[in-house]
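In order, the protein sequences belong to chains G and E. Anchor point for the first sequence: position 151 equals 151 in this note's numbering, and the numbering is continuous, going up by one each time. Anchor point for the second sequence: position 214 equals 214 in this note's numbering, and the numbering is continuous, going up by one each time.
FYI, nobody ran anything at the bench for these hints, they're computed from the structure. Only a predicted model underlies this, so the values are computations on that prediction, with no experimental measurement involved. A portion of the hints provided could be inaccurate.
[Said to hold, decoys possible] A partial selection of chain E residues facing chain G, derived with a Cβ cut-off under 8 Å:
no. : residue
1   : 175
2   : 181
3   : 182
4   : 183
5   : 184
6   : 186
7   : 194
[Stated by the list, open to error] For lysine-lysine, the following BS3-like pairs were computed, each having C-alpha atoms within a straight-line distance of at most 27 Å:
no. : chain 1 : residue 1 : chain 2 : residue 2
8   : G       : 302       : G       : 262
9   : G       : 267       : G       : 382
10  : G       : 338       : G       : 307
11  : E       : 187       : G       : 122
12  : G       : 148       : E       : 269
13  : G       : 148       : G       : 122
14  : E       : 187       : G       : 93
15  : G       : 141       : G       : 186
16  : E       : 273       : G       : 148
17  : E       : 171       : G       : 148
18  : G       : 47        : G       : 93
19  : G       : 47        : G       : 19
20  : G       : 334       : G       : 307
21  : G       : 123       : G       : 93
22  : G       : 346       : G       : 382
23  : G       : 382       : G       : 302
24  : E       : 187       : G       : 123
25  : G       : 262       : G       : 338
Ideal Cβ positions, reconstructed from N, Cα and C, are used throughout, including at glycine.
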Amino acid sequence: MTNPIKRVPILSRKGFLVKGSQVTLRNVSKHFGEFCAVRDVSLEIAKGEFFSLLGPSGCGKTTILRIVAGFEDPTQGDVLLDGASVLSLPSNKRHVNTVFQSYALFPHLSVFENVAFPLRLKKTAASEISDRVGHYLRLVKLDSHMSKMPAQLSGGQKQRVAIARALINEPSVLLLDEPLSALDAKLRQHMLIELDAIHDEVGITFIYVTHDQQEAISVSDRVAVMNEGSVLQVGAPGQVYETPANHFIATFIGETNLLEGKVLSVKNGIAMISSDAGALRAAARQGVSEGDTVHCAVRPEKVRISKMKPASGEHENCVEGTVDEMIYTGFLTKFFVKTTSGTVFKAFRQEAGAAAAEEAIQCGDSVYLLWHPADAFIVEVKKA
Amino acid sequence: MRRNLGPVYTMPMALWITAFFVVPIAIIAVCSFLAKGTYGGVIGRFSLDAYASLANSGLAVVALKTLVQSAAATIFTLVLAIPASYYIARSRYKNALLFLVIIPFWTNFLIRIYAWIAILGTNGFLNGFLVSTGVLSTPVQFLYNQYAVITVLVYTYLPFAILPLYATIEKFDFTLIEAAQDLGATKTQAMMRVLLPNIRPGIITAILFTFIPAFGQYAVPQLVGGRDSFMLGNIIARELTVSRNLPLSSSISVVLTLVTMAGVLLFVKLQAKASKKIRPVQEAE
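All chains, full assembly: derive it from the sequences and hints.
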């Protein structure tokens, strides 16, 4: 006995018991003829993590999922579950199950038989089948629809059947390929919350593919942002949102004001930047020095909009302009402000009742846009 | 108000079918209930002699033989047609492959049977090949037995099975195969448990298109069959041309038509039942 394994239960961020597998991708590339779908992707996904692959359509995220599921072989690289390569295993031997974008429910089988399908293959005893199918259908709140055929279900119900069916084998990793994209906005929100609850309940690793940044950042433990086959940034949702690694991520996730400028000086972690919109201050990240050309981003919800000229503060950015357009969305009003130099800035103001009445802003008003230097971040640096 | 011209439009078709299908069948049916004339033909007297002789003329053996040969041909046709249409449906060269399936229709059916005689005969291509490669020392007679009949029947009806199967498989959602494999099924299990049940309407149509015409075949057993492989079609022709027994050949035709019709109705009913099960009902929730 050299290395006694100490069984310490691992708990998730929210304190739930973690099961599932660790998924490792090592330098995975996938070519379809001339086309490179996945470019040298390496990822380390922890046990029990809710991990999202986020990117625009055609960025290779679904291909990665299909490689993990065993539907595609990578041109290069390796896929490991708990440290052991699974490339030689066909999809039916991998302890991984998939929730397909189109649900892929078997149209000739009832809800019960769809979920029971993997157990029937294994010739599980009838009593155990009905116990387990019942358990998972209760988990997805569909136990009252057992005998219906898939064609009799709504989109959301089909989705739940697909999830129950994928979970019944008790896989160590659940792959979800844009599972909510076919649902309407309201139902999507609802299913997202339920997915999160299911993840907490079963505690296995979830790999979630989506092009919807809102979905990805709301439920994931970590997000990998992809574009054109490459992983650009991996991090917690807040990290990806607040400190995007580049220009693409800054504009892909959430809305952003992006400004190009030249660094005049760096002092106390604050860079002075000269841009078309005037002199700006932004939090300088490592490696930024005088003379660099940079892209600086600021989120519209962090920009304050005011008709009154503020008392000049050393640590505030202030840009003057006129309201070009405004979009009222209910809880939020989006202002598009044209500065004197012609740049269009976005500023979002939450309609918190009294605040709106306080200062009514209309199209054509001249306004001041203000934001704190710490809320502006430099996303891309071209060295001088 | 626009007039419904449906009856007018369908009239030519109705007349055509009546003149060339319903009337001849009616004539056959009437003949079967008449007495046999001395020198062929019928005499206008009601008689059940033809039906009485159906029972004892050894016809049951031929009927069974016909059933076995048509069933065997149908099974082999399906075994070949399902993978072939699956492959065509998944191929990048769908249109070219479908074209190849249809090409045989450009040549007369009888000529194609003679081509088989040229292939399978004692001086045929197959024997020539097997003898020259040393597999056989002397040519073997492949023709004039039930195996030759089944082979040529399979050949004849393969396109009729491939086309409806292709039409169904082409609409099949292949993600379901991936889903089955993802859930632990082997490729074979995925095909048996997911593909086959979902292409059932296509399979039923393929069976109808193969079994029914095979059951009534005349030319194939006549040309490549032997004594062991005569089918009901051949008996009808023999009774008509050799024995000149018009009522008997008519009565066999009537029974054949009724049995085939019962088969069609049964299969159509099965198909309706199968498709009803997976037809979309209005969205719930």
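Practice task
Just pull the numbers of the violated hints for me, sorted ascending.
Solution key: none
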